[in-house]
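Here is how the chains run, residue by residue.
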Amino acid sequence: MPDSIPPESPVLRVEDLTVRFRRRNIDVAAVNGVSFALARGETLTILGESGSGKSVSLKALMGLLPDYAKIEGRVWLDGRSVLDMSTAELAKLRGGAISMIFQEPMAALDPVYTIGEQIAETIVQHEGVGRATAMQRALDLLDHVKIPSAARRLKSYPHEMSGGMRQRAMIALALACSPSVLLADEPTTALDVTVQIQILLLLRQLQQELGMAIVFVTHDVGAAAEISDRIAVMYAGRFVETATAREIMRTPRHPYTQGLLASTVHGGLRGRVLETIQGAPPNLAHLPPGCAFAPRCRYATELCTHGEVPVTMSPTGAMVRCVRAVPVPAQEVSA
Amino acid sequence: MPADPRDRGGPAQPLLLVNNLRKHFPVRGGLLNRKVATVQAVDDVSFSLLKGETLGIVGESGCGKSTTARLLMRLIEPDAGDVVFDGDAVGDRHGITVNAMRRQMQMVFQDSYSSLNPRMTMAESIAYAPRMHGVPAKESLARAQDLLAEVGLNPRQYSRRYPHELSGGQRQRVNIARALALEPRLVILDEAVSALDKSIEAQVLNLLAELKARFNLTYLFISHDLNVVEYVSDRVLVMYLGRVVETGSVESIYARPRHPYTRALFASKPTLDPDRRTTEMPLTGDPPNPINPPSGCRFRTRCAFAQTVCAEFVPRLAPPLDGEDATVSHLVACHLPHAQQVRHA
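So the protein sequences, as listed, match chains P and L. Going by our numbering, the first residue of the first sequence is number 1, and it counts up by one from there. Going by our numbering, the first residue of the second sequence is number 1, and it counts up by one from there.
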């Protein structure tokens, strides 16, 4: 790998990332070969159900997994290899060039410090500026994420804020050192609908202003359609389909993506029996051979259970991992 | 449909009538642990539930939808208001007892794991309520086996398993089976599918529709998910900070929401279309704290149309002034007729 990366290269490149959790006699294959590249200012959504490996992938990128997690593959951030970094280098990276927001802001915020102190501390740690300067920056950040009466809120403790405001404070904290990549792990899942749309709009706007790239992880098709440039659909630790948000929503090609969209309930389906995906996701400790979705797939043939499933790329850059790679009848999906 | 022998007032009599239900929780604090504030969780909530229908309750966190469910089940005691089950006042000397009502009204909760006893097998959990209500042990276990089959779980495979050995979707099927064990007429589903993955949620919604037809059930379906509520409900009740702001048939409410809050709620729904993304925030801020809510109309602090009258008087539920939906008993609690006439784009 070259040391210097030409300017048009992606800000984040992940190659064949695998994560296994090995303890005593359990061996869980959580992530099984994930590859993607993220352009500057792009939003990629990883869409998947619980246990698909989407959050584990994000945490692997930040070096946030426990010691017994065995991580392989390559992760390049701004041309630097993340998985080869020392603990000190990682600490410098986290909250600097790459930062993360979570579903539960109380887990990310320290309950015994004010919001202002927490944001200022991050800035002081990473940039070595004085406390007064850092506090001023913290105030600007709170304004930026549209927290009302920011000057007063700077002195608030997390428990004094509402759910939506805490989410905004956590975003401000994550943006403190102008990261080039923001990792968002289900940041809208625990919020009420009226607050959820506010946070999605805020993230979209901040991204345009600051030009950062976002990896957005969610199980919510609606949130994915609202925020993504591209969507990667994840199943049993693999991307089964990657395409633009429009392509995924209009012409899903992988049977799992089709099933996921068809079983997403909306009022237009009133009075009809919902289409479902039979069965449940596989046990990651005993993955079936071949395509992991085959046991639930209505199109499965013998071909699916033999060896690796080939990946097919379309001229537009869309990827699908299915033996029936000739485009299957597209379903129109409407709101 | 064969007549239910328990059906007392005929099909026209509502299965459940709720009048002016109220629950205020005291907030204690200070040196002497005195009452320092009140959470007005449910305030003056009235509605009826017709036989065989599904009534959806939607609203955001803190709107009182789950408290309403718990009040109906008498898991908590209401401060005021009465509940009439098929013509019988619940807990009244001349009506039916709470126990008798619970035999006909059962509930399924959001958290499938914490609602099952970890030390009981699936069959034991399902058989527990019938046994407590006097069904012999052998008979109740046999019924549990049948119910497991009804909810799509093979009894031979699942009846001896413990909760931790099942997936979330399977556990929720068991909770539904348990709710049906007493052959209730009304099932309250409190966010019953909210914690499930989408592909599993669709399976459970299909199951609920099958069971409703098969056992002649009436559902009270509580959810924050507007799409799911639209899919399952016949009528909808929209709640905000402990009060009902709008109610009507699902078609009428979703096609022409009148209350500014209902409209904002629907406008917040993701569009599922990358070409028609939401560009403006329908509402700013979070729902206010239900401790000491705003006077008058509780939505006025977030309402774009609020005027002085909104702070002074509590709006009553009434037919919309444009009168277009008078026949479908669409009711809205809003002072401002001009606000109601703004078309929902």
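One thing to keep in mind: the hints can contain errors.
Quick partial rundown of chain L residues pointing at chain P, CB under 10 Å, derived from the structure [unchecked claim]:
1) SER61
2) GLN170
3) GLU230
4) TYR231
5) LEU265
6) PRO274
Think about it this way: if two alpha-carbon atoms lie no more than 25 Å apart in a straight line, the pair counts; the simulated SDA-like pairs of lysine to any residue are [claimed, not checked]:
7) P/LYS146 with L/MET281
8) L/LYS138 with L/LYS198
9) L/LYS198 with P/HIS159
10) L/LYS198 with P/VAL265
11) P/LYS146 with L/ALA304
12) P/LYS146 with P/SER178
13) L/LYS198 with L/TYR254
14) P/LYS155 with P/GLY211
15) L/LYS212 with P/LYS70
16) L/LYS198 with P/THR244
17) L/LYS212 with P/GLY279
18) P/LYS92 with P/VAL112
19) L/LYS138 with L/GLN104
20) L/LYS198 with P/ALA190
21) L/LYS198 with P/LEU287
22) P/LYS146 with P/HIS159
23) P/LYS146 with L/LYS138
24) P/LYS70 with P/VAL112
25) L/LYS198 with P/VAL112
26) L/LYS138 with L/GLN110
27) L/LYS198 with P/LYS70
28) L/LYS51 with L/LYS198
29) L/LYS212 with P/HIS159
30) P/LYS70 with P/SER55
31) P/LYS92 with P/ALA39
32) P/LYS146 with L/THR301
33) L/LYS198 with P/GLU275
34) P/LYS92 with P/THR18
35) P/LYS155 with L/PRO288
36) L/LYS212 with P/THR276
37) P/LYS59 with P/ILE26
It is worth saying that the hints were derived from the structure and are not from the lab. All figures in this text were calculated on a predicted structure; none of them were measured in a lab. Glycine is no exception: its CB is placed at the ideal position from the N, C-alpha and C atoms.
Hint-by-hint comparison with the structure:
Among the interface hints, the one on L/SER61 holds; its C-beta lies about 6 Å from the nearest C-beta in chain P, closer than the 10 Å criterion. Against a cut-off of 10 Å between C-beta atoms, the interface hint on L/GLN170 holds, since the closest Cβ of chain P lies about 8 Å away. For L/GLU230, the interface hint holds, since its Cβ comes within 10 Å of a Cβ in chain P; the closest pair sits about 3 Å apart. For L/TYR231, the interface hint holds, since its Cβ comes within 10 Å of a Cβ in chain P; the closest pair sits about 5 Å apart.
For L/LEU265, the suggested interface contact is upheld, since its CB lies about 6 Å from the closest CB of chain P, less than 10 Å. For the restraint placing L/PRO274 at the interface with chain P, the shortest Cβ-Cβ distance is roughly 4 Å, inside the 10 Å limit, so the hint holds. Taken as a hint, the P/LYS146 and L/MET281 pair is honoured in the structure, with Cα atoms around 12 Å apart against an allowance of 25 Å. Proximity of L/LYS138 to L/LYS198 is assessed by CA-CA distance (about 37 Å); at most 25 Å being required, the pair is judged violated.
The straight-line distance between the Cα atoms of L/LYS198 and P/HIS159 is roughly 32 Å, outside the 25 Å bound, and the hint therefore fails. Restraint check for L/LYS198 and P/VAL265: satisfied, since their Cα atoms lie roughly 8 Å apart, inside the 25 Å limit. Between P/LYS146 and L/ALA304 the alpha-carbon distance is near 18 Å, which keeps this suggested pair within the 25 Å criterion. With a C-alpha separation of about 17 Å, the suggested pairing of P/LYS146 with P/SER178 holds against the 25 Å cut-off.
Between L/LYS198 and L/TYR254, the direct Cα distance comes to roughly 22 Å. Compliance with the 25 Å bound is thereby established for this hinted pair. For a cut-off of 25 Å, the pair hint linking P/LYS155 to P/GLY211 is broken: about 29 Å separates their Cα positions. At most 25 Å may separate the alpha-carbon atoms for a hinted pair to count; L/LYS212 and P/LYS70 exceed this at roughly 48 Å. A hinted pair counts as satisfied when its Cα atoms are at most 25 Å apart, and L/LYS198 with P/THR244 qualifies at roughly 21 Å.
Between L/LYS212 and P/GLY279, the direct Cα distance comes to roughly 22 Å. Compliance with the 25 Å bound is thereby established for this hinted pair. In summary, the hint linking P/LYS92 to P/VAL112 is supported, as the alpha carbons are separated by about 23 Å, within the 25 Å threshold. Between L/LYS138 and L/GLN104 the alpha-carbon distance is near 22 Å, which keeps this suggested pair within the 25 Å criterion. Annotation: proposed proximity of L/LYS198 to P/ALA190 holds, straight-line Cα distance about 16 Å (limit 25 Å).
Of the supplied pair hints, the one linking L/LYS198 and P/LEU287 holds, its CA atoms being roughly 21 Å apart against a limit of 25 Å. With a C-alpha separation of about 18 Å, the suggested pairing of P/LYS146 with P/HIS159 holds against the 25 Å cut-off. Of the pairs offered as hints, the one joining P/LYS146 and L/LYS138 is violated, with about 63 Å between alpha carbons and a cut-off of 25 Å exceeded. For the given pair, P/LYS70 sits about 34 Å from P/VAL112 by alpha-carbon distance, which is inconsistent with the 25 Å threshold.
Of the pairs offered as hints, the one joining L/LYS198 and P/VAL112 is violated, with about 37 Å between alpha carbons and a cut-off of 25 Å exceeded. A distance of roughly 30 Å separates the Cα atoms of L/LYS138 and L/GLN110; the hinted pair therefore is violated under the 25 Å criterion. Between L/LYS198 and P/LYS70 the CA atoms are separated by roughly 30 Å; this puts the pair beyond 25 Å, and the hint is violated. With a C-alpha separation of about 29 Å, the suggested pairing of L/LYS51 with L/LYS198 is violated against the 25 Å cut-off.
For the proposed pair L/LYS212 and P/HIS159, the alpha carbon gap of about 43 Å is over 25 Å, so the pair is violated. A distance of roughly 15 Å separates the Cα atoms of P/LYS70 and P/SER55; the hinted pair therefore holds under the 25 Å criterion. Only pairs whose Cα atoms come within 25 Å are accepted, and P/LYS92 paired with P/ALA39 is accepted, the gap being roughly 22 Å. For the proposed pair P/LYS146 and L/THR301, the alpha carbon gap of about 18 Å is at most 25 Å, so the pair holds.
Between L/LYS198 and P/GLU275 the CA atoms are separated by roughly 11 Å; this keeps the pair inside 25 Å, and the hint holds. Pair hint P/LYS92 plus P/THR18 holds up; C-alpha atoms about 24 Å apart against a cutoff of 25 Å. For the given pair, P/LYS155 sits about 20 Å from L/PRO288 by alpha-carbon distance, which is consistent with the 25 Å threshold. A hinted pair counts as satisfied when its Cα atoms are at most 25 Å apart, and L/LYS212 with P/THR276 qualifies at roughly 19 Å.
A hinted pair counts as satisfied when its Cα atoms are at most 25 Å apart, and P/LYS59 with P/ILE26 qualifies at roughly 21 Å.
Violated hints for the displayed structure, listed by number in ascending order: 8, 9, 14, 15, 23, 24, 25, 26, 27, 28, 29.
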